[in-house]
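*Asks:* I would like the entire structure built from these sequences, with the hints used as guidance.
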Amino acid sequence: MLEKSVKGKSFILIIPNDFKIYEIFEFNIQKFGFDLTSIVPADFKYENNLLRVKNFFLKNFFGNRTYKKKLIRKFRSSHMCQEIGHLREKSIDYILIIRPDIFDQETIEKLMNIGKKVVGYQWDGLKRYPEVFNCIPLFEKFLIFDENDYKNYHIQFPNIELCDNFFFDFDDEAENCSKNNTIYYVGSYIENRIDDLIYTMDELAKFDVNFDINLKYFRSKKPINKPYIKFFKDNFTFKDNIKRLKSASVILDFKVLEHNGLSLRFFESLRYEKKIITNNKTVMEYNFYNPQNIFIIHHDDIARLGEFLSSPYMQIPVEIVDQYSFSSWLSRYVL
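If you're matching positions, the sequence shown starts at 1 in our numbering and goes up one per residue.
Just so you know, the hints here were simulated from the structure itself, not pulled from any lab data.
There are no misleading hints in this set.
Within a straight-line C-alpha distance of at most 25 Å, the following computed DSS-like cross-link-like pairs (lysine-lysine) qualify:
#1 69 to 45
#2 59 to 45
#3 4 to 116
#4 70 to 45
#5 69 to 233
#6 243 to 230
*Replies:* Structure follows, in structure tokens:
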């Protein structure tokens, strides 16, 4: 739990609508006792057809793929300013902004003026969305989760602080789910991690396992045709993810090229005592790493995979697990 009482303290959470993950953030922050306001950036809409046509021509005839990004940032910033326009200077105790790169500098400055303590968190590698470099200097504290980013940029940006991801203390799904012999994965389709996904699936298919593999992909034509992969557009929420993760036996994780930090999947697996198969060797540096629970492809002997699947989960001491809770994360980095 939190290290100090926050009952009645005002808290604004600003977070993208990825898999409706804001729902579990809200659930936990309210459980802690905060007076919470959450703001999810509005889905982009063209203001008029002229802008839509202009973007079409700039992208297809001039190769300009930044125009729409600028429109989206302007649209979201305008929406945010409407949401916070009534708030007085220093009237909010805490503001946490996840992915601040999606707003313009003026909007970030308005949020800084409203909050007594304002923290930014970029939960992607910094190079993946380079616009983030423009807003880092605006914060007193800016959190990142990739150690390589910290090594490369902490001198240029002395306000950045390295943190880990976390698991959520509370979820509103039943605690006891019957486990099945299922390999589970959900994530966005990102081309640079598909080869490892397919390689891992082909190796796992040699054993008596079931697959629950889900990729988010917006186009109608599937990029790959594999019987064990299901594609979806927007009908999968983070609550769905937790429910299916809790009933699975093994979780898969594949990092993108742009960062080496650990995703939420590692900490969810730690919370719910699930084995994990990954291509991210960074996990070996963590105090919860145990080769009986975590298999690293292209590092561990693939001939060991069957033994890994059949062996029991090795419990991690509770004092280590608790270090990676959301309440611990808030206490260390935000409060």
